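Participant: When you get a sec, could you build the whole thing from the sequences and use the hints?
Just so you know, the sequences run in chain order A, B and C. Counted from 1, the first sequence has number 82 at position 82 by UniProt numbering; the numbering is strictly sequential. Counted from 1, the second sequence has number 252 at position 252 by UniProt numbering; the numbering is strictly sequential. Counted from 1, the third sequence has number 278 at position 278 by UniProt numbering; the numbering is strictly sequential.
Among the hints, erroneous ones may be present.
[What the hints assert, rightly or not] Derived pair list, reagent style DSBU-like, types lysine-lysine, alpha-carbon separation capped at 35 Å: (1) Lys314(B) with Lys126(C); (2) Lys243(C) with Lys290(A); (3) Lys417(A) with Lys290(A); (4) Lys306(A) with Lys243(C); (5) Lys401(A) with Lys126(C); (6) Lys72(C) with Lys191(A); (7) Lys164(B) with Lys308(A); (8) Lys314(B) with Lys121(C); (9) Lys121(C) with Lys356(A); (10) Lys155(C) with Lys57(A); (11) Lys65(A) with Lys126(C); (12) Lys42(A) with Lys356(A); (13) Lys155(C) with Lys237(B).
[To be verified] Footprint (simulated), chain A over chain C, 3 or more residues, beta carbon under 8 Å: (14) 73 to 86; (15) 155 to 163; (16) 228 to 240.
[As the list claims (entries may be wrong)] Reference excerpt, derived from the structure (chain A facing chain C, CB under 8 Å, subset only): (17) Gly169; (18) Leu190; (19) Gln224; (20) Asn294; (21) Asn297; (22) Thr299.
Note that these hints are calculated values from the structure, not bench results. Since the structure is predicted, the reported quantities are computational estimates derived from the model, not experimental observations. Here a beta-carbon is modelled for each residue, glycine too, at the ideal position from N, C-alpha and C.
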Amino acid sequence: MKRKIAAAAAIAATLLGAAACGSNDEDAPTTSASGKVDGTGKTLKVWLMVDAQTAWKNVVDDASKRFTEATGAQVTVEYQQWANHLTKLDATLAGADVPDVVELGNTEFPKYVFSGAFAAINPADYENSGSWLAGLKGACDFEGQTYCVPYYAGARVLIYRTDLFKEAGIAAAPKTYDEFLADADKLQTLKKSDPKFGAVYMPGQYWYAAMSWVKSTGGDIAKQDGDKWVGQLSQPQSIEGLQRWVDMVKKYSKADPTKNENEQAGIFAQGTAGMFYGNAWEQGSAEEVKKDPNDPNSTMVPTKVKGKLAAAPMPDVPSFLGGSNLGVTEKSQNKELAAQWVKAFTDSQSMAGLIKANALPNSTALLDKAATENPTIAPSALAAKSSWFTPNAEKWADVEKGAVLQTMLTDILTGKKSVADGAKWADDQINATLNES
Amino acid sequence: MSVVERPATRHAAPPPARPTAKKRKSDKTPWLLAIPALVLLAGLLGYPLIRMVILSFQNMRLRELFSGRTPPWVGFDNYTRVLSDGVFWAVTGRTVAFTIVSVLISVLLGLAIALLMRRVTRGVRLFMVVAMMFVWALPQLVAAQIFRWMTDSDFGVVNYLLDKIPGVDYANHSWFVNPWQGWAVITTLVVWAGIPFLAITLNAGLTQVPKELLEAATMDGATPWQSLRNIILPILKPLVTIVTTLSVIWNFGLFTQAWVLRDGHPEPSFQTLTTYSYTQAFGQSRYSLGSAIAVITVILMLGVMVFYIRQMFKIGEVE
Amino acid sequence: MVAVAPAVRRKRAKSTDDGVLTVGRSRAGTIAANTAGILFSVFMLFPVYWVLNTAFKPANEVLSLTPTLLPKDPTFDNFVSAFRAPLFLENMLNGVIVTLLAVAGALVVGFLAALSIARFKFYGRKAIILVVLVVQLIPFISLLIPLFLMLQQAKLTNSLIGVSITYLVLILPYTVWTLRGFISGIPRELDEAALIDGCSRAQVFWRIILPLTGPGLVATSVYGFIQAWNEFIIINTLNSPDKQNLMAWLLQNQTTRGTAWGPLMAGAIITSIPVVIFFLIIQRNIATGLTAGAVKG
Numbered sequence: 001m002k003r004k005i006a007a008a009a010a011i012a013a014t015l016l017g018a019a020a021c022g023s024n025d026e027d028a029p030t031t032s033a034s035g036k037v038d039g040t041g042k043t044l045k046v047w048l049m050v051d052a053q054t055a056w057k058n059v060v061d062d063a064s065k066r067f068t069e070a071t072g073a074q075v076t077v078e079y080q081q082w083a084n085h086l087t088k089l090d091a092t093l094a095g096a097d098v099p100d101v102v103e104l105g106n107t108e109f110p111k112y113v114f115s116g117a118f119a120a121i122n123p124a125d126y127e128n129s130g131s132w133l134a135g136l137k138g139a140c141d142f143e144g145q146t147y148c149v150p151y152y153a154g155a156r157v158l159i160y161r162t163d164l165f166k167e168a169g170i171a172a173a174p175k176t177y178d179e180f181l182a183d184a185d186k187l188q189t190l191k192k193s194d195p196k197f198g199a200v201y202m203p204g205q206y207w208y209a210a211m212s213w214v215k216s217t218g219g220d221i222a223k224q225d226g227d228k229w230v231g232q233l234s235q236p237q238s239i240e241g242l243q244r245w246v247d248m249v250k251k252y253s254k255a256d257p258t259k260n261e262n263e264q265a266g267i268f269a270q271g272t273a274g275m276f277y278g279n280a281w282e283q284g285s286a287e288e289v290k291k292d293p294n295d296p297n298s299t300m301v302p303t304k305v306k307g308k309l310a311a312a313p314m315p316d317v318p319s320f321l322g323g324s325n326l327g328v329t330e331k332s333q334n335k336e337l338a339a340q341w342v343k344a345f346t347d348s349q350s351m352a353g354l355i356k357a358n359a360l361p362n363s364t365a366l367l368d369k370a371a372t373e374n375p376t377i378a379p380s381a382l383a384a385k386s387s388w389f390t391p392n393a394e395k396w397a398d399v400e401k402g403a404v405l406q407t408m409l410t411d412i413l414t415g416k417k418s419v420a421d422g423a424k425w426a427d428d429q430i431n432a433t434l435n436e437s
Numbered sequence: 001m002s003v004v005e006r007p008a009t010r011h012a013a014p015p016p017a018r019p020t021a022k023k024r025k026s027d028k029t030p031w032l033l034a035i036p037a038l039v040l041l042a043g044l045l046g047y048p049l050i051r052m053v054i055l056s057f058q059n060m061r062l063r064e065l066f067s068g069r070t071p072p073w074v075g076f077d078n079y080t081r082v083l084s085d086g087v088f089w090a091v092t093g094r095t096v097a098f099t100i101v102s103v104l105i106s107v108l109l110g111l112a113i114a115l116l117m118r119r120v121t122r123g124v125r126l127f128m129v130v131a132m133m134f135v136w137a138l139p140q141l142v143a144a145q146i147f148r149w150m151t152d153s154d155f156g157v158v159n160y161l162l163d164k165i166p167g168v169d170y171a172n173h174s175w176f177v178n179p180w181q182g183w184a185v186i187t188t189l190v191v192w193a194g195i196p197f198l199a200i201t202l203n204a205g206l207t208q209v210p211k212e213l214l215e216a217a218t219m220d221g222a223t224p225w226q227s228l229r230n231i232i233l234p235i236l237k238p239l240v241t242i243v244t245t246l247s248v249i250w251n252f253g254l255f256t257q258a259w260v261l262r263d264g265h266p267e268p269s270f271q272t273l274t275t276y277s278y279t280q281a282f283g284q285s286r287y288s289l290g291s292a293i294a295v296i297t298v299i300l301m302l303g304v305m306v307f308y309i310r311q312m313f314k315i316g317e318v319e
Numbered sequence: 001m002v003a004v005a006p007a008v009r010r011k012r013a014k015s016t017d018d019g020v021l022t023v024g025r026s027r028a029g030t031i032a033a034n035t036a037g038i039l040f041s042v043f044m045l046f047p048v049y050w051v052l053n054t055a056f057k058p059a060n061e062v063l064s065l066t067p068t069l070l071p072k073d074p075t076f077d078n079f080v081s082a083f084r085a086p087l088f089l090e091n092m093l094n095g096v097i098v099t100l101l102a103v104a105g106a107l108v109v110g111f112l113a114a115l116s117i118a119r120f121k122f123y124g125r126k127a128i129i130l131v132v133l134v135v136q137l138i139p140f141i142s143l144l145i146p147l148f149l150m151l152q153q154a155k156l157t158n159s160l161i162g163v164s165i166t167y168l169v170l171i172l173p174y175t176v177w178t179l180r181g182f183i184s185g186i187p188r189e190l191d192e193a194a195l196i197d198g199c200s201r202a203q204v205f206w207r208i209i210l211p212l213t214g215p216g217l218v219a220t221s222v223y224g225f226i227q228a229w230n231e232f233i234i235i236n237t238l239n240s241p242d243k244q245n246l247m248a249w250l251l252q253n254q255t256t257r258g259t260a261w262g263p264l265m266a267g268a269i270i271t272s273i274p275v276v277i278f279f280l281i282i283q284r285n286i287a288t289g290l291t292a293g294a295v296k297g
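Facilitator: Pasting the structure below:
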């Protein structure tokens, strides 16, 4: 046994050789992105999520090109799938050969920041850092340091069928939640002969949506009380929001209570629903699909709802601010170079590219610009202004991975648990997970 | 090509131990031959197994994984935590129940199909074998993805076909709302994929049942059922034992099917011991807790393994 | 085929009936049995048919609320798409390399060990057999965590070599056990006679045992090939996408915008083809190892 420990210690030593020990060590030096770095002969490894590849590869290429011109270093970008990227990241970060820059969803970041996976950076080095979206930046902060750079955001909006609205005699997008319900009623009446039709498409495990409803009545998922997290879902205001969501879903949605929102655009495109709640770009995915999904330059094929969709902010329901951040890994051998690349990829020029590609920029200062320049994302830029974010707890990602909220929602919708019981159960799970030592 | 040991030879005296030239006591050749395999097994199975046990007494989280530091020792904490957790027992109970039900159905159905294969005409038998070969050859992952696609609530063909039956409304039916239905789908997949091995192996055994015995029995007025019970099954027994044990071991370790059908995030009611351990370790970064669950799983499986190994050992020893 | 071949052969040799074994064969009974057999086969084949059906449909027919039983507009687009998909060809090549390395390694190492336990009586033989049988049954997934940590230290994660060695070990127990069966099948008298004739032990090996186990080696290696080719959990955890195989590719071919079922099913077919072909080659031997002794090959 002793030898084993000795061996482990030796391995630990070699692994630590190149890297500082993580965020808890005092004076962790921040990685600077200012000044000039000579990266000739070096190659930076960057992990981005697949969205960058499908929607704004040109922005990536442009930033890399500018970076190479400035530093002489090359860049290889690997695109990751959302499905299992965290497992793969864990595996890779345990080793010595790590990517230099990693993109993670903003809700995933705190766990990794806490675990010492990322190097501290100096926000002042980055453009627009003064007005970074709070929902993105919050995930980067830990013990007074900043460990990642906001990349892009998405806010969810109401996407609806203009043709059906017209037929039902609805003149404009709903302005209040009551109007939204009234419109749903009208659509339901209009199509009452079609048993497959649901006025709203809302899959049961779409927890970003359900939690937005919780927020709409002043509820919350979890709150920090001293150094403990306390689940808030069984508080009266949260219950009210959950109930509001459940009532709406049960009445208007024909969606599968065990599905999440991943396929909603494709399903909505079948024309059997009147409205859905999604990211701005999902309007495009619902209207046309790539003939060959694996070909970035594929021709587009219109769907049944082509030209019949419009988007508006979901009235009275604050949007979850989703998005991604970029971090420089603690074990990277080229931290300064990595920071330079991140700087190029998040500067105003890159952000302008993202806006063109229907993504929201990383800063409030740019949101208005986005709304005026790109009408497609104007509603979501508006929605982003009143948005919320998941609890900034180290272990929040474990709640997501543990499918706690998803399970609760399915249970409530299918009548397996009452709203109160489901919320109580979820609170217990959240408390146990977030406070686990 | 003798397929099943006939009872006659089975109970005959064991073959007399032959004096061989290889009985020299100090002979090192057999060990030299076996060493490369043993080293590899020890290195890539034995050592990880030991490390898994060690890990289960530590508390390894993401921080330790990244930094490479030795995780703190926590003694039996992980085990007490797992064993006092109702969720774990629910998962265990579910895994056991699924194993029993799925193996029972598979073996009985496999036997029935094997018997059926002896009864049908040649063309039909060939068709059955070809059909089963295709299913058998399909990779597990592919089979699971096919079932996921077929049972999709929006685009799945199963709902579409069921909905065609007059008076049945299966439009947009979600198969995984009700755990019983969800498990019925998983069980169907497992049985469907498992039948070919069982039916074809058992049928191979059946071909060795001496025809004369059956004919004699019929002449003596035995009903088909009596022939089955008194002649066929006793002869098939060793084979049935082994395929049953194998099915138990395979189904107890169910992972891919539940994983894929639930899109990589099985809800609590669709967790089995292996997915639970995997989710704890790789999903929630509780590597030590996951290891403790894996250790318990292996211990639970040992019982069945002993059974299988004893069977195999008997055979290995005879030769 | 495992089942049919002997029966058919026997039939040709001596009888004119249909090889039907069970007693009580009325005409009505045969018709009922045939109907049941055909229904069963159709049920078994339905999912296979459905993959093919899906794979040949254009995208708009795949995602349709009223699926059609045949593609209205059959197309190869999904196959083209799968081949064009990022990393598909690389992963295919990786799969081939990893599988071949693992199978070749397992055959060499496994054959020696099989020889040892099949042909020698020595102290410890039982222990070796026990080890081989036990490790064959340990669920590999449960070892993933330590295995991963270990390969990490050896700098063998994210490399084809690391995965090849892992797969080698994965298929080794089965290889040893099956080859042991084949070697035991060679009458000992043959070696003994050769030894008496003055052959050395090495010559016995090269001239008698190796040639006679030829078919066994083929069967074992193909089974190993299938095992290694079908594995995805280990490679998916140990390696990054460019160093994975086709199974892992299939697992991951999902985008944020939902699964592209058409290309996925086409990819699944492409991935399954080598397995199906190899499977058909060795199907009569495949059960042998698992049930060795109870069914003798």
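Participant: Hint by hint, note whether the structure agrees.
Facilitator: To see whether the hints hold, each was checked on the structure:
For the suggested pair Lys314(B) and Lys126(C), the alpha carbons sit about 11 Å apart, so the restraint of at most 35 Å is met. Annotation: proposed proximity of Lys243(C) to Lys290(A) holds, straight-line Cα distance about 27 Å (limit 35 Å). Proximity of Lys417(A) to Lys290(A) is assessed by CA-CA distance (about 40 Å); at most 35 Å being required, the pair is judged violated. At roughly 39 Å between alpha-carbon atoms, Lys306(A) and Lys243(C) are farther apart than 35 Å, so this suggested pair is violated.
Distance restraint check for Lys401(A) and Lys126(C): the Cα-Cα separation of roughly 45 Å exceeds the 35 Å cut-off, and the hinted pair is therefore not satisfied. Between Lys72(C) and Lys191(A) the alpha-carbon distance is near 29 Å, which keeps this suggested pair within the 35 Å criterion. Between Lys164(B) and Lys308(A) the alpha-carbon distance is near 31 Å, which keeps this suggested pair within the 35 Å criterion. As the CA atoms of Lys314(B) and Lys121(C) are separated by approximately 16 Å, the hinted pair is consistent with the 35 Å bound.
For the hint linking Lys121(C) to Lys356(A), the alpha-carbon distance of about 76 Å lies beyond 35 Å, and the restraint is violated. Restraint check for Lys155(C) and Lys57(A): satisfied, since their Cα atoms lie roughly 32 Å apart, inside the 35 Å limit. Of the supplied pair hints, the one linking Lys65(A) and Lys126(C) is violated, its CA atoms being roughly 65 Å apart against a limit of 35 Å. Distance hint between Lys42(A) and Lys356(A) is fulfilled; the C-alpha atoms sit about 31 Å from each other, no more than 35 Å.
With a CA separation close to 49 Å, the supplied pair Lys155(C) and Lys237(B) exceeds the 35 Å bound. Here's how the segment 73 to 86 of chain C fares: 7 of its residues keep a CB closer than 8 Å to some CB of chain A, so the rule of at least three is met and the hint holds. For the segment 155 to 163 of chain C, the stated coverage by chain A holds: 3 residues have a C-beta nearer than 8 Å to a C-beta of that chain, and at least 3 were required. With 4 residues bearing a CB less than 8 Å from a CB of chain A, the segment 228 to 240 of chain C meets the requirement of three and the coverage assertion stands.
Taking 8 Å as the C-beta cut-off, the interface hint given for Gly169(A) is violated, the closest approach to chain C being about 27 Å. The restraint placing Leu190(A) at the interface with chain C is violated, with a minimum CB-CB distance near 19 Å, outside the 8 Å limit. Below 8 Å, beta-carbon pairs count as interface contacts, and Gln224(A) has none with chain C, the closest being about 30 Å; its hint is therefore violated. Hint status for Asn294(A): holds, given a least beta-carbon distance of 4 Å to chain C, under 8 Å.
Evaluation of the Asn297(A) hint against chain C yields a violated restraint, the C-beta minimum of about 10 Å exceeding 8 Å. For the restraint placing Thr299(A) at the interface with chain C, the shortest Cβ-Cβ distance is roughly 11 Å, beyond the 8 Å limit, so the hint is violated.
Taken one by one, the earlier hints fail for this structure at numbers 3, 4, 5, 9, 11, 13, 17, 18, 19, 21 and 22, listed in ascending order.
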